[in-house]
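Undergrad: From first to last, the protein sequence lines stand for chains H and W.
When the first sequence is numbered by this note's numbering, its final residue is 392 and no position is left out of the sequence of numbers.
When the second sequence is numbered by this note's numbering, its final residue is 392 and no position is left out of the sequence of numbers.
Read the hints as simulated data drawn from the structure, not as lab findings.
A couple of the hints might just be wrong.
Pairs count within a copy or across copies, as identical chains cannot be separated in the list.
Each computed DSS-like pair below joins lysine-lysine, with the alpha-carbon atoms no more than 30 Å apart [claimed, not checked]:
| # | residue 1 | residue 2 |
| --- | --- | --- |
| 1 | LYS110 | LYS306 |
| 2 | LYS306 | LYS44 |
| 3 | LYS310 | LYS110 |
| 4 | LYS244 | LYS219 |
Since the model is a prediction, treat every value here as computed from it, not as a measurement.
Number of protein chains: 2
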Amino acid sequence: MNSSPLSFHIHAQEGQARAGVLRTRRSVIETPVFMPVGTLGTVKGVRFEALESEELDARIILANTYHLWLRPGADVIRACGGLHRFESWGRSLLTDSGGFQVWSLGALRKITEAGVAFRSHIDGRACFLSPEVSMEVQAALGSDIVMMFDECAPGQADHETARTSMDLTLRWGSRSRARFDELQGGEQDSGRCAPTEGLSGAQALFGIVQGATHLDLRKESLARTVEIGFDGYALGGLSVGEEKRVMYDVIEEVAPMMPVERPRYLMGVGTPEDLLEGVARGIDMFDCVLPTRNARSGQVWTARGKLNIKNARFLIDTRPLDESCACSVCRRHTRAYLRHLYVTGEMLASILLTHHNLFYFLDIMRRARQAIALNEFHRFRHETLDMMSAGV
Amino acid sequence: MNSSPLSFHIHAQEGQARAGVLRTRRSVIETPVFMPVGTLGTVKGVRFEALESEELDARIILANTYHLWLRPGADVIRACGGLHRFESWGRSLLTDSGGFQVWSLGALRKITEAGVAFRSHIDGRACFLSPEVSMEVQAALGSDIVMMFDECAPGQADHETARTSMDLTLRWGSRSRARFDELQGGEQDSGRCAPTEGLSGAQALFGIVQGATHLDLRKESLARTVEIGFDGYALGGLSVGEEKRVMYDVIEEVAPMMPVERPRYLMGVGTPEDLLEGVARGIDMFDCVLPTRNARSGQVWTARGKLNIKNARFLIDTRPLDESCACSVCRRHTRAYLRHLYVTGEMLASILLTHHNLFYFLDIMRRARQAIALNEFHRFRHETLDMMSAGV
């Protein structure tokens with residue numbers, strides 16, 4: 001009997017692209033999967049009922065450790081029974097480690113062997129985040145998938161900088177693993193739940209592969225991260241300033257070397273094109289703020305590429321955002337109305353555009369999974385990418 | 001066969017309180033009814049699917065002529081097939097005349113016999129609104145209930161000021177009626193639809209009674225407005241700075257004198273207390289921005305009175321907003337979570353608090369209707385008001 005925190009089975013493969021089923025202690029997730037980002041315990045502008053609906057059917061969403069640690073604080077969420085109960089989400093949650101967020105603070109933070117000292121972006125308060133603290137906070141949150149605490153190197157980092165950063169990340173990975181294991185032994189996990197179908201009911205921990213754009217470092221990082229041993233493996237430090245072609249090359253080279261029987265997660269990526277290119281190279285999991293963040297500035301994805309709803313040409317355009325889209329926004333509302341909402345600053349613009357964009361991202365992954373199962377992914381990917389470049 | 005634009009039947013009465021059914025060309029509306037305000041063609045923060053849901057089940061909503069005339073403009077809405085098609089709402093719409101909005105502009109507007117010259121609050125453009133223009137814009141919008149163009153006097157207006165204003169309103173009422181009738185003869189109504197159940201399929205026009213707090217003027221205004229003849233009658237110019245007691249007295253004196261067989265509408269009022277007091281005095285229809293606007297500043301109505309969600313005492317309060325409330329927000333979310341959303345500026349705070357408040361306002365009217373039908377309204381009103389003052 002398997003008593004690991006999650007199970008993962010591949011049921012179809014076409015080239016490097018894989019279709020599988022990931023089970024956490026809380027939900028069944030078909031992969032490849034796009035995970036909407038719920039930074040502060042909410043996918044901005046979307047009710048949980050909509051995320052659970054058959055239309056969107058998100059099986060796993062993200063939350064940010066850094067943001068929740070600062071507000072409302074781990075103690076508040078622990079007192080409320082963990083993040084699932086706090087936000088009232090019964091499906092899977094993945095929390096990042098906070099590593100990327102503190103790294104992004106730039107001049108506001110100082111990185112040492114021990115961890116990262118920084119000032120809160122909210123009130124300037126002095127804070128300290130380390131592998132141990134990150135594991136403790138993620139245990140308090142009780143997420144189903146915990147990410148190890150890592151350091152990110154800039155996309156253009158030279159070999160020496162990238163190696164130094166990678167080595168630090170590996171040491172932080174070992175410390176994450178050790179503290180995580182202690183916590184799982186105890187009763188720290190607020191979100192602990194009854195084991196189902198042979199799962200242990202404990203949290204799962206993912207390792208993160210770094211090494212910037214240097215393939216030798218990426219391979220070394222991968223080997224040494226696997227040596228520590230995790231329930232899944234992520235590629236971190238991509239889409240942070242390097243050329244898109246370079247990112248695809250790193251994925252193409254490294255993903256197939258990642259443990260076949262474990263989920264592979266490309267962190268913080270990306271556009272619909274990136275998702276298809278990532279799937280083609282063997283990635284199973286993705287997350288990105290693009291569909292939600294861009295919706296709030298009027299940017300919309302359609303089968304024929306992006307459009308910006310504030311454009312004057314939509315003034316009396318009574319067509320839906322995307323004539324081929326089956327989402328509830330496209331079935332009901334016109335570009336003219338959505339443009340009016342956006343131009344007048346109405347909240348409903350963000351709500352509806354976010355809903356459409358999330359549907360688009362979740363649906364393209366649904367269709368990718370189906371295509372892999374039918375051995376039609378190669379054709380699907382090329383037809384979809386061609387159509388996207390046709391223009392609205 | 002009745003060929004009027006709407007039908008109205010009272011099926012129960014207790015004291016002055018009446019329960020009835022109002023039919024427009026588009027929906028069946030049980031009265032007394034609260035009408036959510038959709039100023040710019042959206043009830044802020046609420047998807048139309050939620051308004052239509054069994055939970056909220058709003059049968060009629062408002063839209064503001066002034067706001068829609070400025071943005072996106074009557075031509076745009078006409079080109080998109082009228083306001084129902086523009087915002088995709090199949091149930092009833094009531095549009096105000098714009099009179100109150102231009103009156104509220106204060107120093108930015110100049111009132112003459114012809115109408116009101118003003119500068120747009122958006123871009124300073126010179127505009128002119130008159131009874132005729134208001135009727136033309138409302139015909140382009142195609143609302144089911146059109147309001148005559150009136151002038152509002154301040155709550156503390158002295159007798160002479162109030163009389164001058166009332167006389168002007170009456171002349172504007174006649175001009176509204178005349179222009180409205182011309183338009184209904186033609187093909188100006190974008191929202192025209194097939195007549196149902198003996199209704200004409202045309203728009204309905206409501207008259208507005210003014211006269212500030214002077215009962216003799218109110219009565220004269222009512223008599224002369226009825227003489228012009230409308231499909232329903234509204235009390236305007238209340239809740240504009242006068243004492244609450246004075247407002248109740250005006251309603252108590254005037255409402256019972258309004259035509260029994262026509263719907264009586266108290267414009268822009270009010271709090272849940274005001275709704276119950278209005279119903280007790282014979283009012284059938286209400287609208288107010290309070291449930292939606294106050295939600296966006298964290299104010300919530302409960303059976304035990306108001307609470308402000310940002311209050312620190314809710315930090316780890318895992319109870320719902322209102323323990324006796326059956327709405328989807330109270331069934332799912334805690335005060336602690338809603339406070340967190342509000343404090344971090346998350347859009348979901350406004351979405352969820354608005355939903356709860358609208359449920360509260362719509363539900364209290366649902367219960368009032370039921371109570372009248374059971375001849376228990378007197379008890380219901382007192383028990384509800386007592387409970388409200390108990391405090392959260």
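Undergrad: Hints first: check each against the structure and report whether it holds.
TA: Hint check:
1. LYS110 x LYS306: neither (39 Å within a copy, 46 Å between copies)
2. LYS306 x LYS44: Classified as both; 20 Å inside a copy, 26 Å across copies.
3. LYS310 x LYS110: neither (41 Å within a copy, 34 Å between copies)
4. LYS244 x LYS219: within (20 Å within a copy, 75 Å between copies)
Checked against the numbered hints given earlier, this structure breaks hints 1 and 3; the rest are met.
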